[in-house]
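*Asks:* Chain by chain, the residues run as shown.
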Amino acid sequence: MLERDKVLIADARAREAGVRLGMKRGGVLTLAPQALLYDRDTLKEADLLHAVAFALLQFSPMVALCAEETVLVDVSASLRLFGGVLRICHQIRATVRTLGVSGFMCVAPTGQGAWLLARRGRRRALKMSSLERHLNGLPFSAVPEIRPFADWFEGLGCSALSDIRRLPRAGLKKRCGAGMLDSMDRAYGLSPELYEWLELPLTFRARVELPDRVEHAEAILFSARRLIVQMCGWLSAQQLALTHATLILEHERGRDAVEPTTLEIALAEPTWKEGHLVRLLKERLGRVELAAAVLAVSLTATKVQPAEPPSDSLFPEPGGTPEDHNRLLELLTARLGAENVLRPALTADHRPEHANRWVPVHADTKSAGVPAELPRPVWLLDEPVRLLIKQHRPFYGSPLRLVSTGERIESGWFDGGSTARDYFVAEADDKSCYWIFRERPSATSEEVVWYLHGLFG
Amino acid sequence: MSALPKHVESIHPALWLGAQLARGTGRTVDTGYAALSAELPGGGWPLSALVELLVQQPGVGEFRLLQPALQQVCKRPVALLQAPHTPNAQALAYLGLPVDKVLRVRAPKTADALWSAEQILRTGSCGALLFWQQHIRSDALRRLHLAAQSSETLFVLVRPLACAPDASPAALRLGLRPAAGGLVVDVIKRRGPTRDESIAVTLQPSPILLSPYGRIRRHSPAPTVARGIPSAVVA
Numbered sequence: 001m002l003e004r005d006k007v008l009i010a011d012a013r014a015r016e017a018g019v020r021l022g023m024k025r026g027g028v029l030t031l032a033p034q035a036l037l038y039d040r041d042t043l044k045e046a047d048l049l050h051a052v053a054f055a056l057l058q059f060s061p062m063v064a065l066c067a068e069e070t071v072l073v074d075v076s077a078s079l080r081l082f083g084g085v086l087r088i089c090h091q092i093r094a095t096v097r098t099l100g101v102s103g104f105m106c107v108a109p110t111g112q113g114a115w116l117l118a119r120r121g122r123r124r125a126l127k128m129s130s131l132e133r134h135l136n137g138l139p140f141s142a143v144p145e146i147r148p149f150a151d152w153f154e155g156l157g158c159s160a161l162s163d164i165r166r167l168p169r170a171g172l173k174k175r176c177g178a179g180m181l182d183s184m185d186r187a188y189g190l191s192p193e194l195y196e197w198l199e200l201p202l203t204f205r206a207r208v209e210l211p212d213r214v215e216h217a218e219a220i221l222f223s224a225r226r227l228i229v230q231m232c233g234w235l236s237a238q239q240l241a242l243t244h245a246t247l248i249l250e251h252e253r254g255r256d257a258v259e260p261t262t263l264e265i266a267l268a269e270p271t272w273k274e275g276h277l278v279r280l281l282k283e284r285l286g287r288v289e290l291a292a293a294v295l296a297v298s299l300t301a302t303k304v305q306p307a308e309p310p311s312d313s314l315f316p317e318p319g320g321t322p323e324d325h326n327r328l329l330e331l332l333t334a335r336l337g338a339e340n341v342l343r344p345a346l347t348a349d350h351r352p353e354h355a356n357r358w359v360p361v362h363a364d365t366k367s368a369g370v371p372a373e374l375p376r377p378v379w380l381l382d383e384p385v386r387l388l389i390k391q392h393r394p395f396y397g398s399p400l401r402l403v404s405t406g407e408r409i410e411s412g413w414f415d416g417g418s419t420a421r422d423y424f425v426a427e428a429d430d431k432s433c434y435w436i437f438r439e440r441p442s443a444t445s446e447e448v449v450w451y452l453h454g455l456f457g
Numbered sequence: 458m459s460a461l462p463k464h465v466e467s468i469h470p471a472l473w474l475g476a477q478l479a480r481g482t483g484r485t486v487d488t489g490y491a492a493l494s495a496e497l498p499g500g501g502w503p504l505s506a507l508v509e510l511l512v513q514q515p516g517v518g519e520f521r522l523l524q525p526a527l528q529q530v531c532k533r534p535v536a537l538l539q540a541p542h543t544p545n546a547q548a549l550a551y552l553g554l555p556v557d558k559v560l561r562v563r564a565p566k567t568a569d570a571l572w573s574a575e576q577i578l579r580t581g582s583c584g585a586l587l588f589w590q591q592h593i594r595s596d597a598l599r600r601l602h603l604a605a606q607s608s609e610t611l612f613v614l615v616r617p618l619a620c621a622p623d624a625s626p627a628a629l630r631l632g633l634r635p636a637a638g639g640l641v642v643d644v645i646k647r648r649g650p651t652r653d654e655s656i657a658v659t660l661q662p663s664p665i666l667l668s669p670y671g672r673i674r675r676h677s678p679a680p681t682v683a684r685g686i687p688s689a690v691v692a
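Which chain is which? The protein sequence lines are A and B, in order. No gaps in the numbering here: position 329 of the first sequence is 329 in the working numbering, and each next residue is one more. No gaps in the numbering here: position 111 of the second sequence is 568 in the working numbering, and each next residue is one more.
The reader is advised that the hints may include incorrect statements.
[Stated by the list, open to error] Listed next, the stretches of chain A that the computed footprint assigns to chain B, with coverage defined by at least 3 CB atoms under 8 angstroms from CB atoms of chain B:
#, stretch
1, 6–16
2, 78–88
3, 360–371
4, 430–437
It should be emphasised that the hints constitute simulated quantities derived from the structure, not laboratory data. The beta-carbon is built from N, C-alpha and C at its ideal position, and this holds for glycine as well.
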């Protein structure tokens, strides 16, 4: 990584090759011709920091972006909810890792103290006394306000923060200004801290460019997950729940511009949980066919609504909540398609194949009332099967014997599907029952044709 | 011998005889057919376990066999997965199942069907899951059985009768054959002693007699008053 043509960061392999910090571009290329050189992009860095801050909103609404690529989170009010300092640390680390970012994390009773400790690696100080001990050991250059006077303090024989604290305050204030003492007082908890907490935009929209052109929809999941983590942070900070989101996959421009693929994610049960959204998206992405390679992914929360607090009923229902069931339906719909997850919607019609209608679970279609005491077979064949006639009797595996009187269904003259049928229950030799019908002889044909239409399950 | 087993049982719940049915540890749902319930461990269909019904062909009466049990669990939704034909919602309503609780899931591929079954079982929000599948591998069966144990769902897998000789992890396997007025049930596997004789179950409602236009079959030993068209219809 270069900044102003000088090496800023070099990875382990580059260092093995002899690359040192501050080297020029030409020097690096001489030492390691195959090295990949990137220019530092401060805008992208700021975006990434912003993304981390958004994701951390899950843990506390008080998140601030601080100097030198640090995000400060006030978790003092969230400790009980997440189950203690250790647990919340693990969860924050997992969240940050989901975003593909590495970093140091440290916990301290004061924000400025935590900031200082984080500059020097990972540490946890829970008591004021231990924080003071840790801070005293830090080199004074950790505090940005001291750095301009570094030479002077070195001349005085100071190396750690404790050395500077031993100097007379009045003299320090006169020579170095009040800012330096204030900063140190904040770190040691002697004066109150003020932060500009992150302000939340009213709408959520995030975009991420993929590191490479991607041709498999599943491979997008990792990047999409980064967006979902950010959105979950945004949702939980505002106590909103998502009902509708749009994922847009921007394609590579070939000779012709390719329309971006849009995935609509509609939720019957509003959620703000990352796990469910990721599972849902995984199933959706598994079914998508990409028109061209994907370069960038963006996610927009289209519809949100206030989140409902979880109910604290003493004895939970064995089958889980209705929300769980709705989530199950969403998951099934995402993988199998809406046309395969059905619920019955009866219509008031005499013809059994019209009366028995199945619609997608989330369709708005109303169901007509159920006719009382109408015996019908459980299974209806999609297409009635024409039966053979043997010795003037319908034949299906064995000769069928009619065991009921007929039920005449004559309807459908109004919509073109005119039917005139006599339905009978027939019994085969093995005593199984079938629902068969006879097309009523019409003017055109005198032939009697039998069909099998239903099975008594 | 006659009074002894009961007596032994009453001493302590942990005491049992080798000839007795296994004492069910989990919950069961009454089958609604006394002859069948008496032969099942725990006196009914086991919940949280794989139950296999082996049928010659769909439509022999498997739905009416399960109907009393489904009525008990239908406070929660009832899922029909990979039904062999279109389920008739009118008939389900006639059998006493609330129509708005029925969920029908179709899966284009076997892998999708197995995945759906597992998801439904793991969520546990459905009161019953009926799953029709022709071919199913034994490792998939074990997986489903495991998933069923984590929920309080009545899980019935309907398979062809030809699968009866195959090994299966199911807690209960019944073979169903049509018979006059109902079904003949063969107990292929249950927790407890084997049973070689089959059980005759008269299914309710019969498809023939409950038709308002139905007439008694000529050779049935039914009272003669029921012959012909009911007087209510004539009037």
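*Asks:* Work down the list of hints and note, for each, if the structure agrees.
*Replies:* To see whether the hints hold, each was checked on the structure:
no., hint, result
1, 6–16, "violated (count 0)"
2, 78–88, "violated (count 0)"
3, 360–371, "holds (count 4)"
4, 430–437, "holds (count 6)"
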